[in-house]
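K.L.:
This is what each chain is made of:
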Amino acid sequence: MDVTRTVGLDRNDVIAAAKSIYSLVLLLLLWEFVAQYDMVHSYFLPPLSDVLATFYELTADGTMLEHAYLTFRRAMAGLLLACLLGIVVGVLAARNRIMGWFWDPIIEVGYPVPVIALVPVFMFWFGTGDLSKIMLVAVGCFWPVAINARNATREVDENLVWSARMMGTSDRRLLRRVVVPAAAPGIISGVQIALPIALIVTFVFEMVAGGGGLGHLEIQGVRSFESAQVYASLIAIMIVGFTLDRGLRYLRGRLLVWT
Amino acid sequence: MSYADFRLETVAETIPNPFRRVVRFVFEWIPIAIVAGLWELASGTIVSSEILPPPSAVFAVSWELLVSGRLLPHLQVSLYRIGVGLGLSIVVGVALGVGMARVKPIENFFEVFLALIYPVPKAALVPLAILWLGVGTETAILIVFLACLLPIVLNSYNAARNVDRNLIWSARMMGMPAWKLPIKVVVPATIPSILTGIRQAIPIAFIALVSAELIASNRGVGFEILRHGQIGNYTSMFAVLVVISGTAFVAVRGYEWLERRVVTWT
Numbered sequence: 001m002d003v004t005r006t007v008g009l010d011r012n013d014v015i016a017a018a019k020s021i022y023s024l025v026l027l028l029l030l031w032e033f034v035a036q037y038d039m040v041h042s043y044f045l046p047p048l049s050d051v052l053a054t055f056y057e058l059t060a061d062g063t064m065l066e067h068a069y070l071t072f073r074r075a076m077a078g079l080l081l082a083c084l085l086g087i088v089v090g091v092l093a094a095r096n097r098i099m100g101w102f103w104d105p106i107i108e109v110g111y112p113v114p115v116i117a118l119v120p121v122f123m124f125w126f127g128t129g130d131l132s133k134i135m136l137v138a139v140g141c142f143w144p145v146a147i148n149a150r151n152a153t154r155e156v157d158e159n160l161v162w163s164a165r166m167m168g169t170s171d172r173r174l175l176r177r178v179v180v181p182a183a184a185p186g187i188i189s190g191v192q193i194a195l196p197i198a199l200i201v202t203f204v205f206e207m208v209a210g211g212g213g214l215g216h217l218e219i220q221g222v223r224s225f226e227s228a229q230v231y232a233s234l235i236a237i238m239i240v241g242f243t244l245d246r247g248l249r250y251l252r253g254r255l256l257v258w259t
Numbered sequence: 001m002s003y004a005d006f007r008l009e010t011v012a013e014t015i016p017n018p019f020r021r022v023v024r025f026v027f028e029w030i031p032i033a034i035v036a037g038l039w040e041l042a043s044g045t046i047v048s049s050e051i052l053p054p055p056s057a058v059f060a061v062s063w064e065l066l067v068s069g070r071l072l073p074h075l076q077v078s079l080y081r082i083g084v085g086l087g088l089s090i091v092v093g094v095a096l097g098v099g100m101a102r103v104k105p106i107e108n109f110f111e112v113f114l115a116l117i118y119p120v121p122k123a124a125l126v127p128l129a130i131l132w133l134g135v136g137t138e139t140a141i142l143i144v145f146l147a148c149l150l151p152i153v154l155n156s157y158n159a160a161r162n163v164d165r166n167l168i169w170s171a172r173m174m175g176m177p178a179w180k181l182p183i184k185v186v187v188p189a190t191i192p193s194i195l196t197g198i199r200q201a202i203p204i205a206f207i208a209l210v211s212a213e214l215i216a217s218n219r220g221v222g223f224e225i226l227r228h229g230q231i232g233n234y235t236s237m238f239a240v241l242v243v244i245s246g247t248a249f250v251a252v253r254g255y256e257w258l259e260r261r262v263v264t265w266t
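Protein chains in written order, with UniProt numbering: chain A, 1 to 259; chain B, 1 to 266.
Excised from the complex, chain A in its bound form (with noise of 0.2 Å):
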């Protein structure tokens, strides 16, 4: 008896699906090997079952959560308060002159700054809490939100504006029945250009000025030699840079139903 067909799958896409993650598993075993006899040294490869173990201690006394919790919560205000101020500046630039001409140069100098290394200014700054992160990770996320917003709203269809301004719609209206749904698409590919940036942010900022976090969590494994919590960490952040994806995906599909 077929097993895969009970749970409704065909013979090929198993088939499929193993080939594309044989190599994983196979690196897998092989790094539990490796480790386990010893043929690495366990500061740098400690064996994978360790690892496992204490990302699961971890994850059961709630250290975890309670860090990526902190990692979450900063890298998400910030990409919020960028969000709110890019597309902003980005749609009133694209169909308001004297916004466009203020504010067209000033992104063609502020968007290839390095962000990250405004980390010692904004330390100084705002000190290392809270606030320092998600101020950066907002002028970090600001950026690529603010052109992506005004380039996707220069490059709507003037017949629409026209037809909408034929039938009466005023300005204001314009603006937020009209211009800003049909450029939706675009700023909200910026949002997404704009996410792993909050989290580059963030994660660096946490493992240079400390204060709790997952970049903490990972940095702290390092300085402690604990090399099991830095690879543990690392499976964290890559859950949460995962669903954080996926997420924002999914949330483009549920916003653009008519696309």
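Just so you know, these hints were derived from the structure itself, not from any lab.
All residues carry an ideal CB built from backbone N, CA and C; glycine is no exception.
Misleading hints may appear alongside valid ones.
[Stated by the list, open to error] To give an idea of the interface, some chain B residues facing chain A are shown, with a C-beta separation under 10 Å as derived from the structure: (1) 31; (2) 128; (3) 130; (4) 168; (5) 226; (6) 227; (7) 240; (8) 251.
[As the list claims (entries may be wrong)] Capping the alpha-carbon separation at 30 Å, the derived lysine-lysine pairs in DSS-like fashion look like this: (9) A:19 <-> B:104; (10) B:184 <-> B:104; (11) B:104 <-> B:180; (12) A:19 <-> B:180.
Using the hints provided, position chain B relative to the given structure of chain A.
P.N.:
Chain B in isolation, oriented as in the chain A frame:
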């Protein structure tokens, strides 16, 4: 709209031709001057000049750091790290991208790893790199390499997938052996996309570099920013920041200029 009068073109038309470009340039960059002016005024009055050093002082120190050559060794180290990391990621990324696109077993083998590292911010791998390579140049190179790898792999993969079949058929017809195809046909047809991938990778390389240098280095521009901040030398901290931003800006613009010069066939 009532802003109809406020048009660059209408202003510019009243000015004789040779000056137009200059006037346009000045007009376009006035906002930067406004921001810098406000900053200059605010520093020392509203905010202490410790916290927000005036731009004039910051630029003076940047200039002095560059001319006196005190920053040059650090800049050199950082550029070396970026160069090696980015260079490696181009070589490996193109080979991997083209290989995955043309050979199914290669794709089956590597796809899952790329899917796994895709959502991880590469800067989060710095502690792991410290475990393996210690604090210093190798760690920075590894992080730059990993950060730049994905955009280059993705761009070359997509392009190699979509190489015009007629090109391949023609080459085969004219008797080219199969093993020569990747080098003679696929990679050349993929070059514009590879160059796009590299352009996307350059700013990422700078972010990765500075992250690695902030966390795990005792040389390089990222480390210099942190060091000046820690000893309270804030004007110098801002000055190094200006230098690294300027370098990133020049790198991206220089690359775009070079790309336009070199890729003339598209």
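K.L.:
For each hint, tell me whether it holds in the structure or not.
P.N.:
Structure-based check of all given hints:
no., hint, verdict
1, 31, "holds (5 Å)"
2, 128, "holds (6 Å)"
3, 130, "holds (5 Å)"
4, 168, "violated (25 Å)"
5, 226, "holds (5 Å)"
6, 227, "holds (9 Å)"
7, 240, "holds (8 Å)"
8, 251, "holds (9 Å)"
9, A:19 <-> B:104, "holds (10 Å)"
10, B:184 <-> B:104, "holds (20 Å)"
11, B:104 <-> B:180, "holds (18 Å)"
12, A:19 <-> B:180, "holds (27 Å)"
The structure is inconsistent with hint 4 alone, although it conforms to all the rest.
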